[in-house]
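Colleague: Spelled out from the first residue to the last, the chains are:
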Amino acid sequence: MLREHCKPYQENLPAYSLSALDADELVALEVHLQTCEECKTELADYQTIGTGLLHALPPQIPPARLRRTLPVRLASGSNRTVNLPQLFKRFPLGRFVNAALMSILVVSNIFAILQIRELRQEQAALTERLSAERAAIGMLAYPNTQIHMIVPDVQNLTGSVLVDKDRPMAVLLLWNLPRLDATQSYQIWLVNARGDRISAGFILPADGEFTTALVQSAVPLGEFIAIGVTVEPAGGSEQPTGERLLVVEL
Amino acid sequence: MKPSTDSELAQQVAARDEHAFLALYDRFASRVYALTMRVLGDAMLAEEATQDTFLKLWSRARQFIPSQGELSSWLLTIAHHTAQDRLRLESRRLPASNARDPEETWRVVTDEATSGSEARWRSLYFAVQSLPLEQRQLIDLAYYKGMSQSEIAEVLNLPLGTVKTRLRAAMQSLRREWLDETEK
Chain B
606 MLREHCKPYQ ENLPAYSLSA LDADELVALE VHLQTCEECK TELADYQTIG
656 TGLLHALPPQ IPPARLRRTL PVRLASGSNR TVNLPQLFKR FPLGRFVNAA
706 LMSILVVSNI FAILQIRELR QEQAALTERL SAERAAIGML AYPNTQIHMI
756 VPDVQNLTGS VLVDKDRPMA VLLLWNLPRL DATQSYQIWL VNARGDRISA
806 GFILPADGEF TTALVQSAVP LGEFIAIGVT VEPAGGSEQP TGERLLVVEL
Chain F
634 MKPSTDSELA QQVAARDEHA FLALYDRFAS RVYALTMRVL GDAMLAEEAT
684 QDTFLKLWSR ARQFIPSQGE LSSWLLTIAH HTAQDRLRLE SRRLPASNAR
734 DPEETWRVVT DEATSGSEAR WRSLYFAVQS LPLEQRQLID LAYYKGMSQS
784 EIAEVLNLPL GTVKTRLRAA MQSLRREWLD ETEK
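Residue numbers (my numbering), protein chains in the order written: chain B, 606 to 855; chain F, 634 to 817.
The shape of chain B in the complex, shown without the other chains:
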């Protein structure tokens, strides 16, 4: 016969044996169990039922692949099989489609950004060329403009330089300028009486036979004795280092 004060604990024994007792009642029951042999005995019965419930389910044969893959898992030491059906279960088809669409969108955006950058570079080159051609037209119309024929160091290259010695600019007009690869550029130099070479801009070869380039200086061109062009690494050099393309004495 259980003692009267056991009753509230006794009522919780079945739930405790199934681990279904809420936390607030759990501690009190465990304290009581330390001193009550009757409740411990009754709990043992319920725990036997709990253990029995582990066994009481009708057997179900697992898929044969599980037995085949287990030895492989033992060898690899892995605790997890990720098979395709399970992967699809965790990440349903809709998520795969969304992920694929997102990937396509990202790639498209990167491609568009690269295209825009390329277009901007082409636009800058065209603007520079247009500016040089307008300057050439303006100088041709100016009465003090002198025209100097170039002395090319490469075959087929011809052209001239339009110079006003009172102005800090000149225009190079070139025919049959060979194209360079992306690692090189044509760099313009102004040469003074002391032999100093001062960078005066770059030439961007045009797609056609005819190229116009602006020669820019901080001081009037009258202070220089020659204009030269050399092939330099892309981005230019402090001083001429590469093959000379042409030279024009002013």
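It cannot be assumed that every hint is accurate.
[What the hints assert, rightly or not] Facing chain B, a subset of chain F residues (Cβ under 8 Å, in silico):
#1 Glu651
#2 Glu680
#3 Ser706
Just so you know, these hints were derived from the structure itself, not from any lab.
All residues carry an ideal CB built from backbone N, CA and C; glycine is no exception.
Chain B is fixed; fit chain F onto it per the hints.
Modeller: Chain F alone, transformed into the frame defined by chain B:
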């Protein structure tokens, strides 16, 4: 040749014997899978939990102490915890197994193939099945799905007191109908 006992096979597994491991798998896989299936209610998850259970057997076989109980109880306890951990990981409460009618499976298990302990477990299964539906449901949610009484009350929209009373009545009934009967 007399077949090895469960304990002997467990010792061989502890010594890294794969043949012993597969022999234990053949003995207990259907029970482990049935239990994980009941807890998780999903064939793929149950398959993974079954695999994890046997991998734990492989890595923890040394911890099994025969004097403290049967290997089947030890292994099924591991399976129960593994499946419930997985259930919590999935953060969802899956419905009870709907793979097939469990009673149908019992019908194909012949008496000849049923050992004494299996007959005992079988009688517990039928004792549970004979409980009123509202009590059986509470056993399922509490034991197999790992819910507390207050969680069950919330899920079933029942007063907590009703859940406590029904669960207690179910366990008392099993104690009376199954435990007392099998101990006679």
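Colleague: Hints first: check each against the structure and report whether it holds.
Modeller: Hints, one by one, checked against the model:
Because the closest C-beta pair between Glu651 of chain F and chain B is about 6 Å apart, less than 8 Å, the hint holds. Because the smallest distance between the Cβ of Glu680 of chain F and any Cβ of chain B comes to about 6 Å, under 8 Å, the interface hint for this residue holds. For Ser706 of chain F, the interface hint holds, the least distance from its beta-carbon to any beta-carbon of chain B being 6 Å, beneath 8 Å.
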